[in-house]
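*Asks:* I would like the entire structure built from these sequences, with the hints used as guidance.
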Amino acid sequence: MLGLSNQALSNLLYWVTRKRWLIFTFIISLFLFYVPSSETLSPEGHRTLIIVVIAIILIIGEVIPLPAVAILILILEVILGIDTPNGVANSFMSDAVFFIMGSLMLAVAIVSQGLDKRLALGIIKMTGNKTWRIVFGFVSISAILSSFIGEHTVAAMMLPVALTLIRNTSTDQKVVHRLATLLLFSIAYGCAMGSIGTPSGGGRNVIMIGYFSKFGLGNISYLDWIKYAYPMLLLEIPIAVLILWMTFKPNQTILDSAVRKLKVNVTKAGKMTGNQVMAILIFVAVFLGWVFLSPYLGLGIIALIGVFLYLSFGLIEWKDINRNTNWGVIILFGAAISLGIQMKETGAAEWVANQSISIMSMLVDDIGFMRWFISVFLTGLLTNILSNAATVAVLGPVVLDMGGNPIILGLATSIASAFAYLTIVASPTCMIIHSSGLVKSSDYLKAGWKLFIMSVVLLFIISNFYWPYLS
Amino acid sequence: MKFLIAIGSKEFSEPTLELGMRVARAFKASVTIVYVGEKISAFSTSEVLMAQENLENWELDRQGVDVLEWAYNYLVENDYISSSSEKEGFIGDKLVQTDDDRCEVFLEGKHTQEVGLILRNGDIIQQLRDEVKRGEFDVTIIGASKKRRMIHDLIQFIDSSIFVVKNYDRNKQYKMLLAVNDAPNTKKAVKYGVRVAQAFDLEINALTISNTIEFRGNYKKASAWADTFLRRAGVKHSINLEYGKFIETINLIAGDDHIIIMGSSTRSPLTKFFTGSKPLNVCEKCNCPALIVK
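As given, the protein sequences belong to chains A and B, one line each in that order.
Under our numbering, the first residue of the first sequence carries the number 1, and numbering increases by one thereafter.
Under our numbering, the first residue of the second sequence carries the number 1, and numbering increases by one thereafter.
Hints listed in this document are in silico derivations from the structure and should not be mistaken for laboratory results.
Please note that a few of the clues may not be correct.
Ranges of calculated distance between the beta carbons of each label pair, as one might list FRET restraints [said to hold, decoys possible]: (1) 12(B) <-> 65(A): 46 to 54 Å; (2) 273(A) <-> 195(B): 54 to 62 Å; (3) 65(A) <-> 148(B): 24 to 32 Å; (4) 108(B) <-> 175(A): 51 to 59 Å; (5) 10(B) <-> 469(A): 51 to 59 Å; (6) 150(B) <-> 175(A): 52 to 60 Å.
Positions of the beta carbon are idealized from the N, C-alpha and C atoms, including for glycine.
*Replies:* The structure is reproduced here in structure tokens:
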């Protein structure tokens with residue numbers, strides 16, 4: 001066949017079956033390229049939207065490595081004449097990318113200090129041995145810590161605490177299934193909720209702040225963000241505990257023996273070491289820098305200063321940072337931000353926004369509500385299949401061009417991108433708890449849809465009845 | 001020879017491991033046992049790896065290590081690994097991370113040359129294909145899957161013989177059904193069959209099925225060759241020539257108390273991909289273990 005040996009043909013078939021999404025993407029992009037562009041959309045805007053479609057399909061399908069998707073975005077931006085090579089390079093690197101890079105590196109540095117045993121001791125001292133109190137402690141601590149440090153750092157530190165409690169309760173997975181699900185989701189959902197609290201909670205918050213500034217909508221400081229988002233975080237905690245408890249009510253209402261064993265385990269760690277004290281001090285300094293110096297230095301540069309200090313004081317080695325930092329994701333987010341900026345520059349974002357509004361106006365009279373609902377709902381859904389930062393990077397410019405109060409819509413979009421409760425791939429924290437092997441993919445939907453709706457309703461109340469007073 | 005045994009869980013993989021190890025012992029092959037865990041999203045690879053490394057500080061094992069530990073215990077209980085490996089015991093942190101999605105540990109075998117335990121994460125077909133290519137395995141042994149596509153892709157894309165362990169019951173007395181025809185891989189299949197039959201002391205039924213009443217000359221020749229070979233090997237056997245539809249006939253004769261051995265299809269990969277093949281049908285429709293020799 002075609003002069004190919006059976007082996008070569010077999011390899012080709014294998015490639016085709018594994019890369020069918022890539023082939024589909026190629027066909028779709030060719031089709032879109034030759035579809036006549038709308039009169040209200042510039043040719044550059046049309047081509048930018050084609051790149052958006054390509055990127056979304058390739059990211060969801062994961063048919064090629066993420067860095068390859070990022071590189072493809074940059075190449076296409078130049079080849080399709082959307083911007084000059086220097087223009088693309090300028091839009092690729094920003095403080096938001098520095099922040100994502102710095103926070104991923106900080107995560108590695110913090111996790112490697114062994115502070116999780118201190119954390120475990122702190123939690124069980126606070127909560128005692130009643131299961132509901134432990135769940136409350138897990139959700140609260142995960143949420144509050146992840147609002148400053150970043151969600152996957154907290155998840156990586158909390159996971160062994162939960163697994164030790166589970167294992168100390170019983171090694172029979174059937175006996176502890178509900179308890180395991182409850183504790184692990186307390187971590188994952190706690191971290192997701194917490195990530196909205198401050199700009200440093202997630203790269204997407206910094207991306208949105210970057211868009212506000214870039215698009216001339218004003219500067220949101222670290223403390224401003226906290227004023228907007230923290231009340232929602234605090235309100236979500238008890239409701240989430242209640243939802244999780246009702247959904248995965250465990251057979252064990254008291255974890256007396258498991259808690260005692262955990263105490264014995266963590267007290268073996270001894271007193272806090274000098275390195276651990278130094279690690280905490282550096283992070284506190286970084287945090288203070290974010291609060292007071294970010295308007296002058298930028299959130300990203302401050303995060304990188306933290307990394308520099310960790311490396312300089314010998315608290316972490318470069319090879320550990322290099323091994324555990326997801327460089328592909330950093331490159332991808334850089335490319336996604338570049339694409340977002342091109343959407344704005346070429347008018348593609350405005351065109352999509354106008355189309356959405358004209359469709360909405362046919363359905364509902366109250367455009368203000370529909371504008372909000374579409375931004376939040378679309379972001380919430382996309383974040384569960386794409387990635388929260390990529391979602392904000394691509395949808396951000398569209399939302400900011402929709403009309404109404406762009407700050408409120410932008411903040412709502414950024415916060416909605418944390419509603420990653422429904423799927424395993426929704427966020428690294430969901431993936432981390434799934435990697436324990438104790439939660440099934442169907443478990444994500446059981447409590448996830450309730451949390452999703454609760455969060456949307458709460459965001460609606462906060463953004464309509466609280467935020468207007470802050471503006 | 002090198003055998004790769006893919007296991008999925010403690011609950012369902014014991015028959016696969018048991019039959020796989022017994023066959024490997026018959027061939028005095030080196031064995032590698034692989035567990036393929038779920039795929040980790042590319043967005044989270046480093047984060048999950050970091051969390052898993054952190055678990056080691058708490059002496060907690062990552063997902064899949066418990067399955068490998070169970071396999072290790074099976075090997076100890078059934079005397080498959082040497083006393084030196086047994087004394088050391090299996091500890092999860094002996095696993096050496098070779099790639100982001102792969103770690104391994106090797107033990108000294110007793111009856112087999114070497115026993116490796118491998119933990120992988122990702123798409124099962126891709127991971128097994130990579131492992132077979134990396135380790136140059138001759139036979140891949142896997143339990144039956146309810147997913148039709150899985151068996152199809154295994155047979156189509158894995159570059160080794162495939163042994164699908166379906167409905168294996170250790171208490172059942174099995175016979176061997178050798179599917180003989182004029183395909184080039186039949187001779188290799190007969191040779192494999194002899195080794196297995198000798199090791200398990202099984203009686204072989206060398207079956208040739210024709211879809212026409214009149215048997216093709218090559219079919220008769222193949223059957224005669226198998227008869228001579230089996231006689232020379234000193235294996236108790238019978239030669240049968242049957243007329244009928246291949247899959248229905250072989251399914252009827254095999255029932256659930258035979259181990260089927262047959263050569264892989266010689267049809268072009270493209271034809272096999274779209275229309276299937278006899279070995280694929282056997283693996284899907286028969287209710288007994290089947291070895292497809294490539």
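*Asks:* Each hint needs a verdict: does it hold in this structure or not?
*Replies:* Results for each hint:
no. : hint                          : result
1   : 12(B) <-> 65(A): 46 to 54 Å   : violated, 33 Å
2   : 273(A) <-> 195(B): 54 to 62 Å : holds, 60 Å
3   : 65(A) <-> 148(B): 24 to 32 Å  : holds, 29 Å
4   : 108(B) <-> 175(A): 51 to 59 Å : violated, 36 Å
5   : 10(B) <-> 469(A): 51 to 59 Å  : holds, 58 Å
6   : 150(B) <-> 175(A): 52 to 60 Å : violated, 31 Å
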